[in-house]
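Undergrad: Sequence:
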Amino acid sequence: YSRGGVTMKNIMRIFVAFVILLGTMNVSEANPLPNSEASLGGITLGGSMAYVKGIYGSPSESTWVTDTFGNRVLSHRYGNGFYILESLYGGKSYINELISDRRNGVATPMGITVGISKNTVLGVYGDTPYKHDGEYDYITVSGLRILIRFKNVDGEEVVSRIHIRFEG
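Each residue of the sequence shown is one higher than the one before, counting from -10 in my numbering.
Worth flagging that the hints you see were computed from the coordinates, not collected in a lab.
There's no promise every hint is true.
Result set (EDC-like, lysine to aspartate or glutamate): computed pairs, CA atoms no more than 20 Å apart in a straight line [as the list claims (entries may be wrong)]:
no., residue 1, residue 2
1, Lys107, Glu124
2, Lys140, Asp122
3, Lys107, Glu145
4, Lys107, Asp122
5, Lys107, Asp126
6, Lys140, Asp116
7, Lys81, Glu124
8, Lys140, Asp90
9, Lys140, Glu124
10, Lys107, Asp90
11, Lys140, Glu156
12, Lys81, Asp116
13, Lys81, Asp56
14, Lys120, Glu145
15, Lys107, Glu156
16, Lys107, Glu26
With the hints as constraints, model all of the structure from the sequences given.
TA: Here it is in C-alpha cells:
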C-alpha cells in the first residue's frame, strides 16, 4: 500500500530503526551484573584463603583491620595494592572483601582494572544510578557490590580503586 510516497515498507523500516534506537539507549544503564563479576584476579567472595595461597602463595603482609561492617578481619596484601580481607567468624574462614588500589594487573572477569578509563568502565558495565563522591556502585544479580572509584589523571577520569564486597 502506497500513499504519496510513504509505503508500508518504509513505515516498518522507521519502526524497526526506532526500536533499535530505544534498545541502544537502554543498554547505557547498568543492569545487575553476573555474580561471577564480583571477583578480582580469579578470587571470589566467600572463597577460602587456602585457594588463594594455592594460586598466589603466601601474602606479602597480613594485619588485623576493621572491615566495612565494623568486624575485625585479617587483611592479606599481595604485591602492590591487592588486598584480600578474610573473616574468621564462628570458627570458619572466608573471603569477605577484595580491594585493588594500584596498577597491578588484577582485574575483574570483564577486564576492569585500576588505571583504565571511566569511559571503558561505562562501556563494559553501563552507567549506574548509585554514585557518591566519585564512586560508582554496581550490584550483581544476588546483591554483591562492586564499588569503583575514579580520579582525574592528566585530564582523564580513570579507575583508582576497585572494592568488591557483600551487600550491606
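Undergrad: Just to be careful, I want the Cα atoms of lysine 107 and aspartate 122 compared with a cutoff of 20 Å; is the pair within it?
TA: holds, 14 Å
Undergrad: Please work out if lysine 120 and glutamate 145 have their alpha carbons no farther apart than 20 Å.
TA: Satisfied, since the Cα-Cα distance of roughly 18 Å is no more than 20 Å.
Undergrad: Can you confirm whether the C-alpha distance between lysine 140 and aspartate 116 stays at or below 20 Å?
TA: holds, 17 Å
Undergrad: When you check the alpha-carbon spacing of lysine 81 and glutamate 124, does it fall within 20 Å?
TA: Not OK: lysine 81 and glutamate 124 at ~31 Å, beyond 20 Å, violated.
Undergrad: With the threshold set at 20 Å, check whether the alpha-carbon distance from lysine 107 to aspartate 90 stays at or below it.
TA: Holds - the C-alpha atoms of aspartate 90 and lysine 107 are around 15 Å apart, at most 20 Å.
Undergrad: Taking 20 Å as the top limit, are the C-alpha atoms of lysine 140 and aspartate 90 close enough?
TA: holds, 11 Å
Undergrad: With the threshold set at 20 Å, check whether the alpha-carbon distance from lysine 107 to glutamate 156 stays at or below it.
TA: Answer violated: lysine 107 to glutamate 156 is near 23 Å, above 20 Å.
Undergrad: For the pair supplied as a hint, lysine 140 and glutamate 156, is the alpha-carbon distance within the 20 Å limit?
TA: violated, 24 Å
Undergrad: Are the Cα atoms of lysine 81 and aspartate 56 separated by 20 Å or less?
TA: holds, 17 Å
Undergrad: Given the hinted pair lysine 140 and aspartate 122, is their Cα-Cα distance within 20 Å?
TA: holds, 10 Å
Undergrad: Assess, step by step, whether the Cα of lysine 81 is no farther than 20 Å from the Cα of aspartate 116, and give holds or violated.
TA: violated, 37 Å
Undergrad: For lysine 107 and glutamate 145, compute the direct alpha-carbon distance and say whether it is at most 20 Å.
TA: Roughly 8 Å between the alpha carbons, so the hint for lysine 107 and glutamate 145 holds.
Taken one by one, the earlier hints fail for this structure at numbers 7, 11, 12, 15, listed in ascending order.
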